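One letter stands for each residue in the lines below.
There are 2 protein chains.
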Amino acid sequence: MHTPLANIGEFGFIDRIKKQATRKNSSTIKGIGDDAAVLGYEPNEKVLVSTDMLVEKIHFDLSYMPLKHLGYKAVAVNVSDIAAMNGIPQQITVSLAISNRFSVEALDELYAGIFAACEAYQVDLVGGDTTSSAAGLVISITVIGKAALDKIVYRHMAQPTDILCVTGDLGGAYLGLTLLEREKREFLENPDMQPDIDRFASLIRRQLKPEARLDIIHELAELGIIPTAMIDISDGLASEVLHLCKESGLGAVLFEDKLPIDKETYNVAIEEFKISPTTCALNGGEDYELLFTIKQADFEKIKNHEDISTIGYMQKDTAINLVSRNNQVLPLTAQGWKHF
Amino acid sequence: MHTPLANIGEFGFIDRIKKQATRKNSSTIKGIGDDAAVLGYEPNEKVLVSTDMLVEKIHFDLSYMPLKHLGYKAVAVNVSDIAAMNGIPQQITVSLAISNRFSVEALDELYAGIFAACEAYQVDLVGGDTTSSAAGLVISITVIGKAALDKIVYRHMAQPTDILCVTGDLGGAYLGLTLLEREKREFLENPDMQPDIDRFASLIRRQLKPEARLDIIHELAELGIIPTAMIDISDGLASEVLHLCKESGLGAVLFEDKLPIDKETYNVAIEEFKISPTTCALNGGEDYELLFTIKQADFEKIKNHEDISTIGYMQKDTAINLVSRNNQVLPLTAQGWKHF
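Sequence order for the protein chains is F and C.
Note that the working numbering has the first sequence beginning at 1, numbered continuously upward.
Note that the working numbering has the second sequence beginning at 1, numbered continuously upward.
Hints should not be assumed to be uniformly reliable.
Which copy is meant is left open, so a pair is good if it fits within one copy or across any two.
Straight-line distance between alpha carbons at most 27 Å, and here's what the computed DSSO-like set of lysine-lysine pairs gives [claimed, not checked]:
| # | residue 1 | residue 2 |
| --- | --- | --- |
| 1 | Lys184 | Lys68 |
| 2 | Lys30 | Lys295 |
| 3 | Lys303 | Lys316 |
| 4 | Lys151 | Lys18 |
| 5 | Lys295 | Lys246 |
| 6 | Lys316 | Lys184 |
| 7 | Lys246 | Lys30 |
| 8 | Lys18 | Lys263 |
| 9 | Lys19 | Lys30 |
| 10 | Lys316 | Lys151 |
| 11 | Lys274 | Lys258 |
| 12 | Lys30 | Lys316 |
| 13 | Lys246 | Lys18 |
| 14 | Lys68 | Lys316 |
| 15 | Lys18 | Lys146 |
| 16 | Lys19 | Lys246 |
These aren't lab readings, by the way, just hints derived from the structure by calculation.
None of these values were measured; they are calculated from a predicted model.
With the hints as constraints, model all of the structure from the sequences given.
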């Protein structure tokens, strides 16, 4: 099926989306269908808002990114920003610029992913804008969340001796992307070749369908922990540690042997690409894990948590160092991020 | 000056913007600089959210759209959506996809317009995302506003006999665009030609720098009027009347001789383009005036208002008719909007 978008028109398209946008949150008073959505929060709760834009050929490559995964990921990366404030996402708006090469079915695929993420993170789609583009797909999502004022976690409140924690494991999304790019290159050189990606399925999934760690936000609340500072890992651990340190006016010490690296990440880094797993963990972006600091007093509550690693501590000295496996002290630097 | 964006990088760019983003609203608790902005509203106030995306070559042509005006307009069209809910805008987020042909100075121009609109409408810039694009400029803005729950005006609450009102005058933005396109065409055919746009400055301004009618929202509040239904005129009066009627399950009667058409709009339509001024008023988009309905009892309060015209009334019969100057009754149709 390839139904041109012109066949259903803008309003047909909005009706289609509106029908699928079921309400999950009582703070959604009015969703899609007027000039603006109407939201409402309890007096002691604050409203959080964040926005992320994904651009074809810059952030994703449709030759290996299924549209459904793209829709899911676009929501997840936004939800991750609300999680990084210790907040709970409530609503999203989705704006799309699409060229007319997309069919109705393709958009349905994209929205299937968006709605799957809305289910997974219990957020309501409340509005958006859909327009054509001269070339390429652009997705801009804004997420609105809530948090009690005294539970909001900023980047700048870390204290000396606070423990640096990270969720999950790192470097997987970067290796997933590297694998996909290798397969694409090989496929272009030899179209008869069968893609060899099934055996790396879990790493590829880390790239194509990352999860926001909203589960950890709920668990921290249950454990009675409010992090002193928090950020999500989109550009790579090193870059995010530098952010936390800069904003808090502190330094940090990280231990290489404490970095959470999955066995598959470790093996693929070494065997397939001959790169250091530590480099992948420090500088590979898009893991969307959470990096946060907690008071020493809270250490007992998380020390046995399967999915939280303690990787170092904050210090008054503004040096930011990595202690390597052989006990060398190296300054931590971020590869940095250059989009332009 | 042409400083490549790469020279200042993403963080240099964010710092630059953050410095200019002064706080205007106490509901802005934390603006730019963390994973999300933090907003707060009084318990009896609700949060409104709307989003609009502008795409180069679809919504604007940089060959005649100055970047500063583009920035202003991008904010104004979003503010207009909050006004159309009878709300007061408070914050915006701005996401940009820009190609590397843009310089730092070009972005400064764009943001000069964005900040000018932030001043004009008293909104706070609280976040956003800036990324590169493979081709073309995309601006996605989300606006967040507030309104008391019992003062929010939807599209679906118009009642039979309610009076249809429109602010300002109509058709100017469409003629402004038509003039700009003519000048561009002539310039491309004969580059030595001097553009002849100064004598049409006010119409061109309607296209390049439209204003959201937030002033009317404040005035309606002072007059003690809560419209029964409201929508902003982005696609053209006819299209918006059809929306109000459909959502409210009603019909309407409009009077051609009541349509507010400025003298310059009238003259340029006839003399320059030989088109009907009524057609411009009904189907020309982008005026960003407000279309709303009020109870008959409120008529006295607005009948002498210089900037509000009463153009017809709502009726139970679902027919939507225009009574022409020579008393013919014609069904009102919208040219419709086809982006794809």
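- Item | Intra- versus inter-subunit Cα pairing at 27 Å for lysine 19 with lysine 246 | Between copies only: 17 Å across, 46 Å inside.
- Is it within a copy, between copies, both, or neither that the alpha carbon of lysine 246 lies no farther than 27 Å from that of lysine 18? between (43 Å within a copy, 16 Å between copies)
- lysine 295 and lysine 246: within-copy, between-copy, both or neither at 27 Å Cα: within (19 Å within a copy, 57 Å between copies)
- Query: Is it within, between, both or neither when you check lysine 19 against lysine 30 at 27 Å Cα-Cα?
  - Reply: Answer is within: at 14 Å inside a copy they meet the 27 Å cutoff, but 35 Å across does not.
- Item | 27 Å Cα threshold - placement of lysine 151 relative to lysine 316 | within (24 Å within a copy, 51 Å between copies)
- Task: Classify it for me, lysine 18 with lysine 263: is the Cα-Cα distance of at most 27 Å met within a copy, between copies, both or neither?
- Result: neither (43 Å within a copy, 41 Å between copies)
- How would you label the pair lysine 30, lysine 295 (within, between, both, or neither) given a Cα cut-off of 27 Å? For lysine 30 and lysine 295, the Cα distance is within 27 Å only across copies (23 Å; inside one copy 41 Å).
- When no copy is specified for lysine 184 and lysine 68, does a C-alpha distance of 27 Å or less occur within a copy, between copies, both, or neither? Within one copy only: 19 Å inside a chain, 41 Å across chains, cut-off 27 Å.
- Message: Cα distance capped at 27 Å. Does lysine 68 pair with lysine 316 within a copy, between copies, both, or neither?
- Response: This pair counts as neither: shortest intra-copy Cα distance 46 Å, inter-copy 44 Å.
- Message: Within, between, both or neither: how does the pair lysine 18, lysine 146 come out at a Cα-Cα threshold of 27 Å?
- Response: Classified as both; 23 Å inside a copy, 23 Å across copies.
- Using 27 Å as the alpha carbon limit, work out where lysine 30 and lysine 316 are close: within a copy, between copies, both or neither. Cα proximity of lysine 30 and lysine 316: across copies only (25 Å, versus 48 Å in one copy).
- Query: Checking lysine 274 and lysine 258: alpha-carbon separation at most 27 Å within a copy, between copies, both or neither?
  - Reply: within (21 Å within a copy, 76 Å between copies)
Against the hints set out earlier in the document, violations occur for numbers 6, 8 and 14.
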